[in-house]
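As a plain string of letters, each chain reads:
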Amino acid sequence: MFAYFLDDWTAHKRYSREVDSLDLLLTQHGIIGRRIRLGRLHDLDASVRDCAVSGVKTFVAIGNDATASKLLNSLLKMDGYQSDKGPTAALAVLPIGDEQKIAACLGSNTVPEAVQTLVEHRTESIDVGKLNNRHYFMTMATFPPKVSLGFLSYTVSLMDDEHQVHICNTNVFNLKSDVRYQKSFNPQDGMFEAVITRRLPAADWKQLFAKEKFSSNFQIESVFPHQRITVLSREKTISVMADAEKQLSTPVEVEVEPQKLLVVVGAKNNF
Amino acid sequence: MRIEEGENETIIGPSVKVDGDFISDGNVLVQGMVNGSLRTKGNLRVEVGAKIKASVEAANAIIRGQIKGNVTIQENLEIGETAAVEGDIATKVISVAPGAVINGHCLVSPAERGNRPAAEPAVVQKPASDRERP
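Which chain is which? The protein sequence lines are A and B, in order. The numbering used here applies: residue -9 is where the first sequence begins, and numbers increase by one. The numbering used here applies: residue 2 is where the second sequence begins, and numbers increase by one.
Hints are all accurate, no fakes.
Derived DSSO-like pairs (lysine-lysine); straight-line CA-CA distance at most 27 Å: (1) B/K93 with B/K52; (2) A/K67 with A/K120; (3) A/K226 with A/K236; (4) A/K136 with A/K91; (5) B/K42 with B/K18; (6) B/K18 with A/K120; (7) A/K120 with A/K47; (8) A/K136 with B/K54; (9) A/K226 with B/K18; (10) A/K136 with A/K120; (11) A/K136 with B/K18; (12) B/K52 with A/K136; (13) A/K91 with A/K258; (14) A/K120 with A/K75; (15) A/K136 with A/K236.
Simulated from the structure, these hints should not be mistaken for laboratory data.
Using the sequences and the hints given, assemble the complete structure.
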């Protein structure tokens, strides 16, 4: 049984064609379910609880990374989500709009691909990151410049402000083809990688405004695999992009929760 | 000895400074600065431009940068022509390229060094003086 959570902005006429084609595909494949529209005042936690009680086993976010992040956090915070046999419900994403790192990671790059993924319904348990013991993220958390990293017995500081810290759970930089990183960025290994990158200057104006090729804008310089990392900053609160933007008080404690989330993955998944 | 590029798990890049006791189970590539101590059960590669002020322990190592501190390598140590090591070295097998700078004791023997303290130089017996001779 499915429950579809549509973000409020998907009602905009700009996305009407994508939403209509999505409705058609879902009807054609016979995987219609409960539809819940996420307004600004909507109590998502209550809706997720209600769906779980009524026997929903697949929670589908229709929207972008922010939509999936909201649903993922509600799902993981729900009482009884973890049973003795593992997670009790799966998360899937149907991509509408920009910023689709989660959908890309699950192998649901386009609406037809995502619907096919839902139909096949292959599930995998993956690790999730947890920020300040409160906010969960699936792909990666990007921190602002001028932060340093604290590990169990050592600290890592950046020597200039050109660099940025990302804590990656999945292979968002698309580096599996690079032999140097073949063992890294696996969301099922119980570890994540603290990555320090340098932003490359745009070669031309086309690249400056390109929405795609996120990974090509950064050059990876340092990689520290770990399970628990403290991010230190001189600021009291910092803005962290962890699937969606979050304001967090410092120091930010980041820890991995192994095999915590069940996701529906397609053939082109990025694990 | 060869340490393949794909084997690196931890990369300490050129823009980074590590302070404290760095401990790892995997392979480590150092291009930046490390102060404190650096210990790994895997292989270590210190690139040109890297500056380590720390005692270093690893299974195998290739050194092409600067190290100020004692170096203990369980198996093979390769010191490149751009390397500068200020400290005592203990290893089983060593190869030193022409141009490398080493300032310290160097202990190379195939003996087991698991229980031996880091890079402790061998005790040299003084020859008996004339007065002591019968």
